[in-house]
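Visitor: Protein sequence lines, in the order shown, are assigned to chains A and B.
Numbering of the first sequence is given in numbering that gives the first Met the number 0, commencing with residue 0 and proceeding in unit increments.
Numbering of the second sequence is given in numbering that gives the first Met the number 0, commencing with residue 0 and proceeding in unit increments.
Keep in mind that the hints are not guaranteed to be accurate.
To be verified - Straight-line distance between alpha carbons at most 27 Å, and here's what the computed DSS-like set of lysine-lysine pairs gives: (1) Lys-17/B - Lys-436/A; (2) Lys-23/B - Lys-199/A; (3) Lys-616/A - Lys-510/A; (4) Lys-549/A - Lys-398/A; (5) Lys-429/A - Lys-23/B; (6) Lys-17/B - Lys-199/A; (7) Lys-549/A - Lys-53/A; (8) Lys-365/A - Lys-7/B; (9) Lys-7/B - Lys-13/A; (10) Lys-429/A - Lys-549/A; (11) Lys-365/A - Lys-17/B; (12) Lys-199/A - Lys-365/A; (13) Lys-23/B - Lys-433/A; (14) Lys-199/A - Lys-436/A; (15) Lys-429/A - Lys-585/A; (16) Lys-436/A - Lys-616/A; (17) Lys-228/A - Lys-7/B; (18) Lys-447/A - Lys-7/B; (19) Lys-7/B - Lys-510/A; (20) Lys-13/A - Lys-94/A; (21) Lys-365/A - Lys-433/A; (22) Lys-584/A - Lys-365/A; (23) Lys-433/A - Lys-94/A; (24) Lys-204/A - Lys-17/B; (25) Lys-9/B - Lys-228/A; (26) Lys-428/A - Lys-23/B; (27) Lys-365/A - Lys-23/B.
Simulated from the structure, these hints should not be mistaken for lab results.
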Amino acid sequence: MRNETELGVLDKNKIARLALLGAPNCGKTSLFNALTGGRAKVANYPGVTVEYRKGMFSLPNQQEIELLDLPGVYGDCGHSMDERVAIDAVRGNLKGERRPDGLIFMMDASQVTTHLHNVLQAKNYGLPMVLVLNMMDMAARDGIDIDVGQLEDMLGVPVISCVAVRASGRAHLLDFLSEWTGDVLHGSAARPTIEADTLKDLQAKARQITGGTVSRIQQAETFTQRIDKIVLHPVLGLLLLLGILFVMFQAVYSWSGPGIEAIEAIIGWMQSGVNSVVPEGWMRSLLSDGIIAGVGSVIVFLPQIVILFAFILLLEASGYMARAAFLVDTIMARIGLNGRAFIPLLSSFACAIPGIMAARTIEQEKDRLTTILIAPLMTCSARWPVYFLIIGAFIPAQKVGLFSLQGLVAFGLVIVGIIFAMIMAFLFKKTLMKGAKSTLLIELPSYKAPVFKDYLRGLWERAMIFISRAGRIILPTSILIWFLASYPANSATIRETFAGKIGTILEPVLKPIGFNLEIAISLIPGMAAREVVVGALGTIYALGADADEKLSQTLQNAWSLPTALAFLAWFVFAPQCLSTLAIMKKETNGWKWPIFAFAYLFVLAYAAAGITYHTAKAFGL
Amino acid sequence: MTLRELAKHKPARIIGFKTDDSDKETRLREIGFAEGDIVEALHFGLFGRNPMSVRLNGALIAMRSAEAQAVLVEPLNA
Numbered sequence: 000m001r002n003e004t005e006l007g008v009l010d011k012n013k014i015a016r017l018a019l020l021g022a023p024n025c026g027k028t029s030l031f032n033a034l035t036g037g038r039a040k041v042a043n044y045p046g047v048t049v050e051y052r053k054g055m056f057s058l059p060n061q062q063e064i065e066l067l068d069l070p071g072v073y074g075d076c077g078h079s080m081d082e083r084v085a086i087d088a089v090r091g092n093l094k095g096e097r098r099p100d101g102l103i104f105m106m107d108a109s110q111v112t113t114h115l116h117n118v119l120q121a122k123n124y125g126l127p128m129v130l131v132l133n134m135m136d137m138a139a140r141d142g143i144d145i146d147v148g149q150l151e152d153m154l155g156v157p158v159i160s161c162v163a164v165r166a167s168g169r170a171h172l173l174d175f176l177s178e179w180t181g182d183v184l185h186g187s188a189a190r191p192t193i194e195a196d197t198l199k200d201l202q203a204k205a206r207q208i209t210g211g212t213v214s215r216i217q218q219a220e221t222f223t224q225r226i227d228k229i230v231l232h233p234v235l236g237l238l239l240l241l242g243i244l245f246v247m248f249q250a251v252y253s254w255s256g257p258g259i260e261a262i263e264a265i266i267g268w269m270q271s272g273v274n275s276v277v278p279e280g281w282m283r284s285l286l287s288d289g290i291i292a293g294v295g296s297v298i299v300f301l302p303q304i305v306i307l308f309a310f311i312l313l314l315e316a317s318g319y320m321a322r323a324a325f326l327v328d329t330i331m332a333r334i335g336l337n338g339r340a341f342i343p344l345l346s347s348f349a350c351a352i353p354g355i356m357a358a359r360t361i362e363q364e365k366d367r368l369t370t371i372l373i374a375p376l377m378t379c380s381a382r383w384p385v386y387f388l389i390i391g392a393f394i395p396a397q398k399v400g401l402f403s404l405q406g407l408v409a410f411g412l413v414i415v416g417i418i419f420a421m422i423m424a425f426l427f428k429k430t431l432m433k434g435a436k437s438t439l440l441i442e443l444p445s446y447k448a449p450v451f452k453d454y455l456r457g458l459w460e461r462a463m464i465f466i467s468r469a470g471r472i473i474l475p476t477s478i479l480i481w482f483l484a485s486y487p488a489n490s491a492t493i494r495e496t497f498a499g500k501i502g503t504i505l506e507p508v509l510k511p512i513g514f515n516l517e518i519a520i521s522l523i524p525g526m527a528a529r530e531v532v533v534g535a536l537g538t539i540y541a542l543g544a545d546a547d548e549k550l551s552q553t554l555q556n557a558w559s560l561p562t563a564l565a566f567l568a569w570f571v572f573a574p575q576c577l578s579t580l581a582i583m584k585k586e587t588n589g590w591k592w593p594i595f596a597f598a599y600l601f602v603l604a605y606a607a608a609g610i611t612y613h614t615a616k617a618f619g620l
Numbered sequence: 000m001t002l003r004e005l006a007k008h009k010p011a012r013i014i015g016f017k018t019d020d021s022d023k024e025t026r027l028r029e030i031g032f033a034e035g036d037i038v039e040a041l042h043f044g045l046f047g048r049n050p051m052s053v054r055l056n057g058a059l060i061a062m063r064s065a066e067a068q069a070v071l072v073e074p075l076n077a
């Protein structure tokens with residue numbers, strides 16, 4: 000144990016605040032996770048809703064550090080909302096946030112030649128700064144040799160080489176920070192000299208520096224280039240992307256069976272446990288039919304949600320996602336958007352909320368608004384419980400060639416959503432969002448194997464979000480639905496209950512599109528979140544059904560096939576989700592766009608359900 | 000000629016920028032395009048060679064023709 004005097008410059012009472020700055024994909028988040036052990040607080044900057052992560056860790060000399068993981072940014076102009084937040088944070092212009100004491104500028108070592116002028120730009124912030132060259136191992140593999148000492152001299156800031164994903168690769172950085180952070184807190188760390196201010200001059204100087212310090216042995220072809228010959232091929236690449244999406248949706252069905260059965264077994268075991276312990280009466284009904292049936296009917300889809308995210312996170316971490324943006328840009332251009340919108344839209348397959356927030360990376364305001372408006376048409380994970388339930392109950396589990404018919408139907412629903420998103424985007428750009436030109440300028444990162452720990456952590460976070468939603472939203476609504484559908488106590492049929500009376504008001508509106516009273520009732524709490532509909536149906540039918548019957552079996556008896564299909568069609572558009580409307584209000588500064596989105600989605604949902612219902616009936620289904 | 004007209008796998012040197020939109024030039028420079036750099040077109044989108052991906056100092060950049068038109072280049076072995 001070292002004592003106080005040996006620690007020298009260490010000031011135990013002071014926490015050093017350091018910010019991680021750098022281009023997208025340079026490994027900031029990997030370093031952040033490695034240093035803080037992933038114990039991050041996700042928070043919003045006051046006033047704007049750009050998420051950032053803050054975490055604490057201790058250096059080898061016990062100095063406490065508060066580390067900020069900022070959005071990726073190239074220069075200091077801030078063309079999009081999230082870039083502006085990164086720059087404001089560094090400049091100390093964010094209300095309620097203290098300016099960082101020092102900057103850790105991170106850079107992919109193999110991109111030094113391309114990005115060094117960004118370091119010179121960052122010197123002008125006037126904060127103590129260290130340049131961390133990440134992925135030195137991969138740069139060496141690509142034949143890039145960097146004279147770190149020479150670079151440090153010419154640049155005028157400390158330069159540390161690093162392999163952020165390995166403990167041995169971070170040791171050098173931690174040793175450096177131990178000394179440097181003390182100097183930073185005592186104001187004795189060197190502040191960088193201010194550089195010339197035109198970008199052109201900065202680039203010329205940066206090229207001069209790299210010319211003397213970075214040498215590159217011309218390699219025949221890198222691993223990434225070889226793979227890109229197929230992945231970025233205009234035809235093969237698009238086919239591959241379609242194939243990946245297709246396999247993803249097939250896997251969601253084919254691999255989730257055992258997990259679902261296990262969860263169903265637990266639910267059944269809990270219900271029979273309650274039934275044997277709690278005497279017959281309202282309490283047993285509340286626990287068994289209200290809480291366990293309601294929450295259970297949503298939790299049962301956890302395995303499928305996890306498989307879906309296993310794919311999405313893998314595509315993100317491997318560097319494929321930006322390539323998907325490149326591939327679809329040629330199609331996005333037809334509808335007036337750009338490939339950058341693909342990433343928010345793909346996130347919307349998990350949930351429209353992160354998708355709408357991710358639209359902040361889109362530079363043109365009208366493109367951003369259009370993307371926000373069509374984001375709810377992507378099949379979010381809240382729709383999956385509904386699809387899984389209805390498809391499981393009404394679409395036979397048979398094979399069509401190599402593929403499962405259920406998987407094909409689910410895939411079809413996703414495609415219909417995408418097609419309508421494209422049509423709506425096209426119409427919006429032709430009318431409401433006229434005149435905006437869209438651009439695309441993104442870096443396609445090198446392929447890399449995902450860091451297993453980061454990957455599992457991401458997957459775990461997603462699963463916990465799903466479960467906690469079930470707790471926070473589904474649990475209370477299940478109890479409410481149970482109450483409304485159980486009382487007054489002497490009700491002989493669902494129609495006489497409170498829920499039935501509310502549903503009766505909606506019934507005439509929904510009857511023309513084939514929806515029955517139970518659906519009308521379930522759509523009301525379904526305003527809170529789409530998957531609540533499944534929980535609500537679970538509760539409503541559990542109250543009236545045989546104890547052991549599964550919800551899907553009950554539905555098979557209670558609904559006609561046209562009704563089931565109309566219900567699926569409704570959910571392709573389903574306007575109901577209060578959280579989505581709330582985030583839209585926040586991101587567009589007003590109620591105008593959320594109200595517009597709700598209205599247009601309602602019209603589409605109603606029309607789609609009606610057309611589906613009457614077409615199915617006409618075909619005698 | 001502009002980067003937009005560059006044939007696949009024909010390296011060229013950047014000699015300047017030409018655009019009415021100063022913001023566009025800034026964005027191109029910030030992401031790494033500079034006078035003297037060597038660029039090479041590697042991939043094109045399905046319709047109208049748009050977007051295109053360009054190799055620049057070991058980075059791979061995806062861009063639309065509107066951006067590529069703002070970059071002036073001269074082929075290396077012309």
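Visitor: Are the hints correct? Go through all of them and say.
Guide: Verification of the supplied hints:
1. For the hint linking Lys-17/B to Lys-436/A, the alpha-carbon distance of about 18 Å falls within 27 Å, and the restraint holds.
2. Taken as a hint, the Lys-23/B and Lys-199/A pair is honoured in the structure, with Cα atoms around 14 Å apart against an allowance of 27 Å.
3. Of the pairs offered as hints, the one joining Lys-616/A and Lys-510/A holds, with about 14 Å between alpha carbons and a cut-off of 27 Å not exceeded.
4. Under the criterion of a C-alpha separation no larger than 27 Å, the hint pairing Lys-549/A with Lys-398/A is consistent with the structure, at around 23 Å.
5. With a C-alpha separation of about 24 Å, the suggested pair Lys-429/A and Lys-23/B falls inside the 27 Å cut-off, and the hint holds.
6. At roughly 14 Å between alpha-carbon atoms, Lys-17/B and Lys-199/A fall within 27 Å of each other, so this suggested pair holds.
7. Only pairs whose Cα atoms come within 27 Å are accepted, and Lys-549/A paired with Lys-53/A is rejected, the gap being roughly 45 Å.
8. At roughly 33 Å between alpha-carbon atoms, Lys-365/A and Lys-7/B are farther apart than 27 Å, so this suggested pair is violated.
9. At roughly 56 Å between alpha-carbon atoms, Lys-7/B and Lys-13/A are farther apart than 27 Å, so this suggested pair is violated.
10. Proximity of Lys-429/A to Lys-549/A is assessed by CA-CA distance (about 48 Å); at most 27 Å being required, the pair is judged violated.
11. For the hint linking Lys-365/A to Lys-17/B, the alpha-carbon distance of about 25 Å falls within 27 Å, and the restraint holds.
12. A threshold of 27 Å between alpha carbons decides the hint, and for Lys-199/A with Lys-365/A the separation of about 30 Å lies outside it, so the pair is violated.
13. A C-alpha spacing of about 20 Å is found between Lys-23/B and Lys-433/A, which places the hinted pair at or below 27 Å, so the restraint holds.
14. This hinted pair checks out: Lys-199/A and Lys-436/A have alpha carbons roughly 26 Å apart, not beyond 27 Å.
15. Restraint check: the Cα-Cα separation between Lys-429/A and Lys-585/A comes to about 25 Å, which is no more than 27 Å; the hinted pair holds.
16. At roughly 45 Å between alpha-carbon atoms, Lys-436/A and Lys-616/A are farther apart than 27 Å, so this suggested pair is violated.
17. Distance check on the hinted pair: Lys-228/A and Lys-7/B sit about 13 Å apart at the alpha-carbon level, within 27 Å; holds.
18. Distance hint between Lys-447/A and Lys-7/B is fulfilled; the C-alpha atoms sit about 26 Å from each other, no more than 27 Å.
19. Distance hint between Lys-7/B and Lys-510/A is unfulfilled; the C-alpha atoms sit about 59 Å from each other, more than 27 Å.
20. The straight-line distance between the Cα atoms of Lys-13/A and Lys-94/A is roughly 21 Å, inside the 27 Å bound, and the hint therefore holds.
21. A hinted pair counts as satisfied when its Cα atoms are at most 27 Å apart, and Lys-365/A with Lys-433/A qualifies at roughly 8 Å.
22. Pair hint Lys-584/A plus Lys-365/A holds up; C-alpha atoms about 16 Å apart against a cutoff of 27 Å.
23. Only pairs whose Cα atoms come within 27 Å are accepted, and Lys-433/A paired with Lys-94/A is rejected, the gap being roughly 34 Å.
24. Annotation: proposed proximity of Lys-204/A to Lys-17/B holds, straight-line Cα distance about 22 Å (limit 27 Å).
25. Distance restraint check for Lys-9/B and Lys-228/A: the Cα-Cα separation of roughly 16 Å lies within the 27 Å cut-off, and the hinted pair is therefore satisfied.
26. Restraint check for Lys-428/A and Lys-23/B: satisfied, since their Cα atoms lie roughly 22 Å apart, inside the 27 Å limit.
27. Distance hint between Lys-365/A and Lys-23/B is fulfilled; the C-alpha atoms sit about 17 Å from each other, no more than 27 Å.
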